[in-house]
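Chain by chain, the residues run as shown.
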Amino acid sequence: MRFSKFITNLERKQMLNLLSTGKRIDGRDLYSYREIKIETNVIERAEGSARVYLGDTDVLAGVKIDVGEPFPDVPNEGVLTVNAELVPFASPAFEPGPPDENAIELARVVDRGIRESKAIDLAKLCIIPGKKVFVVYIDIYVLNHGGNLIDASALAALAALLNTKMYNYELVGEELKILAGYQPLPVKNYPIAVTFGKVSDYIILDPSLDEEQIMDARLTITIDKDKRICAIQKGIGGYFTLQQVRDIAKIASEKSEELRKLVLSECK
Amino acid sequence: MRFSKFITNLERKQMLNLLSTGKRIDGRDLYSYREIKIETNVIERAEGSARVYLGDTDVLAGVKIDVGEPFPDVPNEGVLTVNAELVPFASPAFEPGPPDENAIELARVVDRGIRESKAIDLAKLCIIPGKKVFVVYIDIYVLNHGGNLIDASALAALAALLNTKMYNYELVGEELKILAGYQPLPVKNYPIAVTFGKVSDYIILDPSLDEEQIMDARLTITIDKDKRICAIQKGIGGYFTLQQVRDIAKIASEKSEELRKLVLSECK
Amino acid sequence: MRFSKFITNLERKQMLNLLSTGKRIDGRDLYSYREIKIETNVIERAEGSARVYLGDTDVLAGVKIDVGEPFPDVPNEGVLTVNAELVPFASPAFEPGPPDENAIELARVVDRGIRESKAIDLAKLCIIPGKKVFVVYIDIYVLNHGGNLIDASALAALAALLNTKMYNYELVGEELKILAGYQPLPVKNYPIAVTFGKVSDYIILDPSLDEEQIMDARLTITIDKDKRICAIQKGIGGYFTLQQVRDIAKIASEKSEELRKLVLSECK
Amino acid sequence: MEKSEKPLITEDGLRTDGRGPRDLRPVKIEVGVVKNADGSAYIEHGKNKILAAVYGPSEVHPRHFALQDRALLRCKYHMAPFSVQDRKSPAPSRREIELSKVIREALEPSLFLEYYPRTSIDIFIEVLQADGGTRCASITAASIALADAGIPMRDMVVACAAGKVDGHIVLDLNDIEDKNGEADMPLAMMPNKGLITLLQMDGLVTQEEFKQMLELAMEGCNLIYQIQKKALKSTFIKTVEEV
Amino acid sequence: MEKSEKPLITEDGLRTDGRGPRDLRPVKIEVGVVKNADGSAYIEHGKNKILAAVYGPSEVHPRHFALQDRALLRCKYHMAPFSVQDRKSPAPSRREIELSKVIREALEPSLFLEYYPRTSIDIFIEVLQADGGTRCASITAASIALADAGIPMRDMVVACAAGKVDGHIVLDLNDIEDKNGEADMPLAMMPNKGLITLLQMDGLVTQEEFKQMLELAMEGCNLIYQIQKKALKSTFIKTVEEV
Amino acid sequence: MEKSEKPLITEDGLRTDGRGPRDLRPVKIEVGVVKNADGSAYIEHGKNKILAAVYGPSEVHPRHFALQDRALLRCKYHMAPFSVQDRKSPAPSRREIELSKVIREALEPSLFLEYYPRTSIDIFIEVLQADGGTRCASITAASIALADAGIPMRDMVVACAAGKVDGHIVLDLNDIEDKNGEADMPLAMMPNKGLITLLQMDGLVTQEEFKQMLELAMEGCNLIYQIQKKALKSTFIKTVEEV
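Going down the list, the protein sequences come from chains E, B, Y, S, V and F.
Numbered according to this note's numbering, the first sequence spans residues 21 to 288.
Numbered according to this note's numbering, the second sequence spans residues 21 to 288.
Numbered according to this note's numbering, the third sequence spans residues 21 to 288.
Numbered according to this note's numbering, the fourth sequence spans residues 17 to 259.
Numbered according to this note's numbering, the fifth sequence spans residues 17 to 259.
Numbered according to this note's numbering, the sixth sequence spans residues 17 to 259.
No wet-lab data here; the hints were simulated from the structure.
Every value quoted in this text rests on a predicted model; they were computed, and no experiment measured them.
One or more hints might be untrue.
Computed list of lysine-lysine pairs in DSSO-like fashion (alpha-carbon distance at most 27 Å, straight line) [unchecked claim]:
| no. | chain 1 | residue 1 | chain 2 | residue 2 |
| --- | --- | --- | --- | --- |
| 1 | V | Lys92 | V | Lys51 |
| 2 | E | Lys151 | V | Lys51 |
| 3 | S | Lys44 | S | Lys246 |
| 4 | F | Lys51 | Y | Lys151 |
| 5 | S | Lys227 | Y | Lys288 |
| 6 | Y | Lys138 | Y | Lys33 |
| 7 | S | Lys63 | B | Lys247 |
| 8 | E | Lys208 | V | Lys63 |
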């Protein structure tokens with residue numbers, strides 16, 4: 021199998037030794053991302069789509085838009101639904117069946133970043149208040165698990181949204197009549213998830229799959245276009261000190277700029 | 021573990037010896053209930069609620085009221101739904117997952133007592149015939165399994181119903197407008213479930229968890245306020261003689277009075 | 021157990037030896053069906069029903085008719101739904117739970133024959149275009165698994181359809197008013213599924229349960245009343261040569277006539 | 017469907033299907049009808065049409081369900097989608113799950129499960145057509161299927177309901193009586209010693225009515241027991257001839 | 017329910033329930049409330065009413081889930097159908113599945129799981145009534161239940177949220193504030209060394225606000241820790257008396 | 017969506033996408049595209065975009081599924097929610113379950129499963145975009161993924177459909193032709209000896225038309241086989257260079 025499930029104790033020691041010199045097994049320094057490649061509009065049949073390669077991680081996000089009912093407490097807003105699937109296709113560690121806690125956490129963290137930063141102008145997706153609104157489905161599809169699925173997925177979701185086209189329509193009574201042409205989805209913020217791992221006392225950015233296996237804790241900070249924090253998620257059974265959390269929030273803010281530039285330039 | 025799953029043969033013999041003298045391991049005689057405590061309105065957020073302690077058994081019943089459609093064959097009546105959950109919280113013998121046959125039987129026996137005695141005046145829960153009625157959800161939540169869940173659950177359900185408040189409303193077209201104040205749920209009968217176990221040839225009332233483990237058969241008789249029988253359920257793979265059934269029905273009738281008095285006094 | 025799960029190597033050899041002489045263990049020649057018995061209207065409560073005995077195989081098909089919504093892409097047509105259940109009742113090889121791949125394949129092959137041959141005149145099952153149509157449920161229930169479930173099920177489904185009575189109705193506004201009397205379901209084609217097995221290089225018609233266990237591949241050809249092919253399904257992990265497929269299609273066409281005559285004479 | 021307005025008992029004391037209050041519906045039993053099963057039976061009880069099949073004693077799957085000191089008895093009561101007026105979803109309903117349980121518990125006291133430790137005995141019941149009283153007819157049929165499978169028994173189990181309809185105590189309620197009557201009380205027993213192995217009731221009756229229903233249901237059981245015995249005897253003869 | 021139009025913070029700086037920005041809601045803790053469990057606790061935190069029960073260390077079911085080098089820690093956070101305004105379906109929601117995960121991960125660093133290889137420790141949390149901040153109250157209660165079960169620990173875990181409401185940084189948001197405020201940040205920590213074991217946030221805040229919220233939430237944790245300790249002490253006394 | 021009113025074949029005999037009746041759509045294959053898998057392939061066949069990954073031979077989970085005399089071959093065909101016009105629920109549909117089965121059975125005759133007793137070989141197929149003929153393209157890709165995983169084979173398996181559209185027998189139907197045509201017949205074969213491992217048909221055709229379709233589909237398979245071979249050759253070269 022090309023996928024090594026277990027890291028030996030020796031490998032662990034080597035990784036720690038390297039970290040003590042500020043380096044990582046793949047040559048990166050502690051706060052660097054792996055190489056990122058973004059392809060957009062990869063699924064013509066979807067309203068929007070993007071594929072993100074982050075090192076060995078390969079994530080595809082597809083956007084479909086449907087017409088449905090609004091939630092009763094926000095009758096004037098469209099609906100956002102984020103779903104993630106960790107299909108066994110992408111890793112022998114993924115189980116078949118309905119989304120497990122990891123897939124659900126992944127989807128919810130991506131969802132929170134988009135929702136809390138108000139990335140989609142949901143008010144513009146209302147068709148008939150209280151009755152008909154557009155429903156935006158973002159489906160995240162992991163095609164190869166190479167570590168740090170959250171950042172890759174959040175990036176793919178944002179790129180797919182920036183790339184989403186909606187048909188033009190007019191209302192005939194309460195029915196939608198589809199008109200010629202397309203308009204972009206109203207996207208007004210660009211949240212970027214930045215994830216750190218804690219290996220022993222070292223904090224590393226963008227953990228790879230190998231690093232995830234010796235990592236004690238994980239912290240994701242999602243930063244919006246105005247450097248505000250819009251979502252946080254600590255994961256895995258370890259801890260952080262207050263100082264570590266403060267440092268991470270600061271680095272996340274800086275790093276988010278890089279990624280945002282990249283995604284915006286790809287989606288122009 | 022504080023919960024002993026198995027009764028040894030020796031314990032079994034001791035229990036039988038005691039029974040032959042008309043006594044039980046916890047000091048009760050054959051036809052006595054354990055101590056019963058009823059607390060009502062324990063969940064302010066629910067329309068009605070009650071918690072019943074029956075010896076070590078601890079059951080919480082919550083009532084929620086919603087608006088829904090009537091069944092097509094009774095368009096002028098509200099809908100009653102009873103659900104029970106035997107969450108692993110309450111006993112290592114309970115499995116996670118959707119309700120199993122025990123939880124379903126428990127819910128259906130409680131349901132039958134309430135339904136057949138017409139405890140809830142469902143005709144008064146009709147809003148618009150054939151279209152809109154109130155739906156009464158009774159959720160039974162076992163918090164500690166100490167034996168005889170049926171009687172405790174039926175008691176908690178009845179106490180919760182007696183304690184249920186519905187908002188006042190007026191119809192504006194076909195929509196409900198909620199008005200100030202509350203009215204009680206129309207409850208017009210008070211069914212009491214009385215459960216017996218058969219251990220060897222002894223009939224005992226209100227079996228404890230230990231007794232349930234050596235019990236051969238179970239019989240529940242539910243009695244309404246006019247001493248009529250409104251539901252019966254035999255359980256577990258044993259048998260009763262005709263005479264035993266007749267005796268049980270008679271004792272059930274007497275015992276139901278005690279419990280009914282108790283629940284009515286608590287719910288005044 | 022009366023049901024032998026495994027065929028020994030010796031039995032396998034004997035079966036192959038026999039086949040080399042053009043005979044089969046139950047005395048049939050290669051292209052003969054086992055004895056077929058069709059009973060119709062066996063479930064009075066269903067709108068249509070039929071039970072087919074094909075050797076030891078025993079299949080019951082029931083038809084229920086309900087009112088529902090059409091599919092959006094064919095607003096003027098009724099809906100056909102075929103469901104099959106391989107309940108453990110019928111064979112220790114069947115597992116409890118929702119339909120598995122075998123049950124789904126069985127239902128879909130039967131469905132395809134009926135659908136593609138346009139056996140039911142779905143246009144006549146439209147009540148209000150785009151809103152209300154009749155939904156025809158065919159439920160296939162295997163009562164004993166004796167091999168070749170596809171042919172027996174397709175036959176039972178067809179016989180049940182030919183035997184289906186619908187109530188007369190008139191529309192009062194958008195509601196159906198049921199009138200006295202019945203009319204037959206509009207059936208205008210009679211698809212017959214004919215299944216072959218390949219054992220080593222021998223092609224046999226209507227494999228029995230024993231033969232299915234040593235069979236390498238399966239091929240079903242469904243033939244309509246005008247000798248046209250309306251569905252094909254290859255099954256099990258083996259292969260056929262082009263010549264074998266051609267031969268099978270020819271024999272299927274001939275054999276379908278026999279079965280069609282039988283079912284039509286039973287359903288007169 | 018609105019509730020029936022017609023009386024369920026006429027002035028002559030006759031029921032919707034012409035029976036008197038203490039009459040059984042016609043009962044027909046066949047044994048050995050499912051070839052793959054170790055034992056099986058078919059019952060027509062009124063318009064109920066029910067098949068019961070028994071598999072076992074056999075190896076338990078999954079294995080960790082096996083019991084060290086006796087056979088694992090499992091029972092699945094299932095209704096065909098076309099067995100009732102409105103098509104029933106094939107997924108097991110709460111009612112079917114409860115009935116599977118009480119039927120298993122009604123049959124269990126008749127069996128020497130301790131003879132077959134670490135095995136399973138599986139009872140499958142398929143209701144092809146339902147007409148009130150399916151659980152009773154199912155028990156009657158399943159007990160025969162168990163006998164047909166050669167499972168050693170203390171006694172047969174036989175079941176029949178009594179109930180209250182239009183104020184009268186009646187035997188063996190049909191579908192209309194079950195739905196519109198005042199009470200339905202299914203009862204199963206081992207007839208030799210009159211031991212009651214299933215007892216349920218929905219309805220509202222006095223203690224006195226209950227006593228009458230108990231006796232009437234047991235009478236009904238005894239009537240069906242005669243039919244059950246006849247069905248079994250004809251099989252045993254068949255079995256002997258086969259040898 | 018439409019969003020509230022009323023201010024969440026009055027001109028006097030008071031909140032809807034009368035608290036100041038840095039005030040906790042009342043917290044009440046009871047230990048040893050579930051007889052069958054190995055350890056248990058009940059917490060009332062504001063109007064939250066939550067029970068936590070711990071079973072284990074015990075044999076793992078199913079067995080192949082067992083870990084060779086440490087105990088398997090499992091956690092199930094579950095809301096009663098009547099715990100919220102609109103009845104909640106009893107089936108676990110995606111939210112409950114996520115919360116079960118983050119609560120387990122918040123408690124895990126406090127435990128010496130390596131002391132009990134090949135066993136399981138199961139934490140069950142039942143939310144009987146929900147009022148904002150259930151995950152924090154659940155963690156606080158579950159940590160006590162673990163202590164009550166005698167599971168060896170590095171430190172207790174205690175949790176509290178801070179957030180932003182009407183522009184103010186506030187401690188321990190209630191339901192209305194959670195739903196209508198700008199940000200909610202639950203935090204759990206092991207108080208002895210101030211190690212953060214859970215941190216989540218929904219909302220939109222600046223780096224500076226985030227720092228303030230971090231400190232405030234940790235303050236809140238320390239306040240609750242005092243209550244937690246008191247609850248545990250009274251149990252230990254009880255335990256001694258029992259002997 | 018209402019059925020198309022436009023002719024599917026023009027007067028010049030051309031199809032909606034400009035092809036002649038016996039033309040294939042463009043096919044592009046890449047090998048070794050999923051790093052974690054033991055073997056993988058990507059196919060674009062018309063607008064179909066499909067990934068296939070193979071894991072194994074490896075230990076079987078759950079263990080009791082293992083076969084004593086050969087490898088357990090499993091296959092899961094799955095469509096991404098965004099692969100079709102209307103979003104598809106991620107839960108497997110009945111169609112996906114049937115296709116998983118027939119694809120597995122189409123590939124099975126090409127493999128020496130008996131070389132790897134007590135192991136599993138898992139094939140995962142993810143349809144990223146669907147455009148008619150996904151099962152054929154999936155089989156073509158999966159066979160390459162199996163080769164890429166180094167699973168020993170008798171022959172490759174390659175698949176292509178023929179069908180009947182507007183009265184014409186045509187090769188390799190696209191989505192519109194599949195939905196609005198008269199018949200679609202997917203066929204898979206092992207090309208060296210022309211052995212047919214998958215054959216299905218929906219539609220209504222005469223025996224004569226069926227024969228023409230059979231031959232045309234086999235021709236199509238042979239065309240795709242050339243592309244398949246080329247894709248594999250370029251990988252083997254790559255593999256050599258890597259060493």
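If you test the structure against every hint from before, which numbers come out violated?
2, 4, 5, 6, 7, 8
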